[in-house]
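Chemist: The listed protein sequences derive, respectively, from chains C and W.
Using this note's numbering, read the first sequence as starting at 1 and increasing by one per residue.
Using this note's numbering, read the second sequence as starting at 1 and increasing by one per residue.
These aren't lab readings, by the way, just hints derived from the structure by calculation.
It is possible that some hints are incorrect.
When the alpha-carbon atoms are kept at most 25 Å apart in a straight line, the in silico SDA-like pairs for lysine to any residue are as follows [unchecked claim]:
| no. | chain 1 | residue 1 | chain 2 | residue 2 |
| --- | --- | --- | --- | --- |
| 1 | C | Lys57 | W | Tyr32 |
| 2 | C | Lys57 | W | Thr5 |
| 3 | C | Lys57 | W | Gln45 |
| 4 | C | Lys14 | C | Phe88 |
| 5 | W | Lys69 | C | Arg97 |
| 6 | C | Lys9 | W | Ile39 |
| 7 | W | Lys97 | C | Glu72 |
Keep in mind that this is a model prediction, so the values were computed, not measured.
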Amino acid sequence: DGGITQSPKYLFRKEGQNVTLSCEQNLNHDAMYWYRQDPGQGLRLIYYSQIVNDFQKGDIAEGYSVSREKKESFPLTVTSAQKNPTAFYLCASRLPRTGEAFFGQGTRLTVV
Amino acid sequence: DAKTTQPPSMDCAEGRAANLPCNHSTISGNEYVYWYRQIHSQGPQYIIHGLKNNETNEMASLIITEDRKSSTLILPHATLRDTAVYYCIVRGGATNKLIFGTGTLLAVQP
């Protein structure tokens with residue numbers, strides 16, 4: 001099946017540790033996105049990538065890093081510099097012609 | 001990208017039409033209007049999009065005003081499963097950024 005896969009669904013980490021969230025797509029989309037969602041809030045853009053080996057900061061990039069070495073993969077690292085990392089993280093890719101975005105099911109990160 | 005404004009919440013009776021408004025008064029000529037919805041703790045789902053003509057698909061209809069400064073998403077016969085947060089987004093031009101607002105929580109009542 002074509003789609004976006006985020007793993008794991010739930011992730012627990014100790015404060016001060018870096019953690020990498022996986023996002024893989026087999027839709028052959030160039031553009032990919034990472035969002036953060038806090039309880040009762042909308043989605044905030046962390047990073048986005050329009051093509052392999054290129055990415056841009058979104059509105060809340062501080063404390064996060066990404067890479068885009070392959071078209072299919074756009075992993076997000078939550079570093080120890082992120083002050084409030086506990087949140088729901090969503091990855092998306094976008095169909096180039098219509099602009100329709102497809103989302104993964106999210107990773108809920110809890111830092112204790 | 002143009003900013004959008006939506007009411008924070010709305011109620012709708014099951015079986016009735018749900019009309020969700022969105023203001024995008026700063027929209028420019030080449031920007032599309034997109035609608036997504038997010039059911040609790042899931043990833044958002046694409047519903048529909050349009051530029052200036054009204055659009056309809058199997059999920060919903062999108063009505064865009066002639067001046068394009070606002071739009072309405074219509075769910076013709078709302079069901080309990082349509083309870084979700086609905087996001088209106090404006091996107092276009094050279095940027096590929098997708099910026100979501102806070103959306104409208106639609107509660108469909110039995």
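Chemist: Are the hints correct? Go through all of them and say.
Modeler: Right, here's what the structure says about each hint:
no.: 1; hint: C/Lys57 <-> W/Tyr32; verdict: holds (22 Å)
no.: 2; hint: C/Lys57 <-> W/Thr5; verdict: holds (24 Å)
no.: 3; hint: C/Lys57 <-> W/Gln45; verdict: holds (24 Å)
no.: 4; hint: C/Lys14 <-> C/Phe88; verdict: holds (16 Å)
no.: 5; hint: W/Lys69 <-> C/Arg97; verdict: holds (24 Å)
no.: 6; hint: C/Lys9 <-> W/Ile39; verdict: holds (16 Å)
no.: 7; hint: W/Lys97 <-> C/Glu72; verdict: holds (19 Å)
Against the hints set out earlier in the document, no violation occurs for any number.
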